[in-house]
Amino acid sequence: MRWTLEQLVEALRLLGSLDRQVIGALGLSLGLATLSTALATAAGVPTGIALGLGRFRGKRLLTTVLHALLALPTVLIGLVLYTALSSRGLLGPWRLLYSPTAIVLGQFILALPLVTALALAAAEGVDPRVRLTALTLGAGRWRVARTVLAEGRGAFLAAVVAGFGRVFGEVGISMMLGGNIRGYTRTVTTAVALETAKGHVPLGIALGLVLMAVALGVNLLFLHLRRRTDP
Amino acid sequence: MTDLAVEVRGLAKDFGPRRVLDVDRFAVETGSLTAVVGPNGSGKTTLLGILALLEPPTAGRIFLGGEEAGPSAAARRRLRRRAVMVHERPWMFHATVLENAAYGLEARGVGRREARHRAAEALDRVGLAHAASWPGPGLSAGEARRAALARALAVRPPLLLLDEPLADVDAQHRANIERIVRDLPSRGTTVLLTTHRLETAYRLADRCASLIAGRLRDALPDNHFSGTIVEADGEPVMALAPGCRLHLATPVRGPAHVVIDPRTVILSRTAPASSARNFLAGRIAALSAEGDRVRVTVDVGVPASPRGVPASPPASPRGVRGVPIVALITDRSLREMGLQLNEPIQVVFKTLSLDVYGGASP
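Protein chains in written order, with our numbering: chain A, 1 to 231; chain B, 1001 to 1362.
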């Protein structure tokens, strides 16, 4: 107990003296998570709306598969992509392994099922009269989807926030595909893992606290956005 | 041949094992104002949803403006623009009332400026010009209904489908909405509306149909009478003809409609000793089979007086000189009683089996 407290106090002391490297890792974490979430949103929200509003055979099976993908472990995504991206792999010639791009690719795959599943639930949760009203007033497919998106924007925003949270805090993909290269692919989570492995527990905790604070800040920002856009 | 704004043939709609709509044929002429009258849950909203191509029927063919709604999604989308449906509880988008009213026009590719201008005109027509900048979801139920009507009017659709257009609208705006709806055919919009109130149908429509338990009849229900309810010997009565009056149990006085469910009308050869307050002597004017049921039309009383006239459509069977009252009985009852045309008979029904609708137009 005493040891834990000592580590925590040391971590708080270190918070005040976090160096440029930590700021860099934090910037990279934010940048990669934002990019991968944006890509997952661009692909997942329209797919979720299409699945939520569509009536077609096999919809239930597709939804079940989508929900199963939510449990995809980050380390498995990392491993599969690692195999594909390594020099003898299928995508080896792209020479992406141990690059920020590889991390974004992995995080995109991680966030996509979550954003899609939550967007699907959001679309299904929108009052059915929204779609019927848009249709009877002459809206085409795109306008109907846009209207559903606008009417359920709170729930769709929540899907995006959840996607961001999922990728911002992951470590398996960043470690396996980024390689934890200082100043290039070292994110806050991989730094935490490294420092802890090196026995620098207080520094690990301090970095973890920074991660939490930033995640909280991002969520507050989304909450503010949601309040502003909701009528 | 008359132009038809909408026509359905062999239409059926099932919800699970339950058939909620079963319509052989129904058509609405272009430029007409038709009312479908039926109680809540009779399938009115489902019918409008199918006609608006918002909901697929289980079976049947739908024609809008003579063109059949085929299976192609793109063709249905194009055809859907010929009709606009206004729901009973309309949805207001999270936007201003003006933006709501302009939605249909913008969806049809009308420029934003022109769309807003026409939307503002439509809002003015329904008395909501002052609410243009209000948020749509903040409107009261009655205001939302008027805003939704304006939203539909703005696109000037060839066919307007109104689901219970006057429910929740306060008395102050009711007359205005009725006037707008009545004027629509002359402005090139055919109107099909549903209502559960007979008097609404009478006031507005030039043709009425009834929908009961998913079955559409191109006429109002049998045994539908309009007249004046007065107090006689301490109880409300409506005179159908001299010496022929209905005993009622209702607080309504003055102009009213009365409907007697033909299934509750009993036929008897002698005046029965029963609790029923209404028994009228007449003669059998018509017998017709309807599946395993038989419609027996009994002519009671003498030709109608100005005080009470049968309000049923002019489908009275030949030979009826007085007031026709229809009884629906089983095939077996008919055989057992051995009923014959022109035979004298008593019709008997309880006052509680009469539905009274107040406020009939004079």
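Worth flagging that the hints you see were computed from the coordinates, not collected in a lab. Don't take every hint at face value.
[Stated by the list, open to error] Pair ranges (Cβ atoms, derived): (1) B:Ser1275 to A:Gly54: 22 to 30 Å; (2) A:Leu70 to B:Glu1068: 39 to 47 Å; (3) A:Arg57 to B:Leu1341: 50 to 58 Å; (4) A:Phe56 to B:Phe1015: 35 to 43 Å; (5) A:Ala71 to B:Ala1059: 21 to 29 Å; (6) A:Leu18 to B:Pro1135: 44 to 52 Å; (7) B:Pro1017 to A:Gly125: 27 to 35 Å; (8) A:Gly125 to B:Arg1089: 17 to 25 Å; (9) B:Ile1212 to A:Phe56: 50 to 58 Å; (10) A:Arg57 to B:Arg1108: 27 to 35 Å; (11) A:Trp142 to B:Leu1287: 55 to 63 Å.
Quick caveat: nothing in here was measured; it's all calculated off a predicted structure. Glycine residues also receive a C-beta, built at the ideal position from the N, C-alpha and C atoms.
Exercise. Could you work out which earlier hints the structure fails to respect and list their numbers in ascending sequence?
Key: 1, 4, 5, 9
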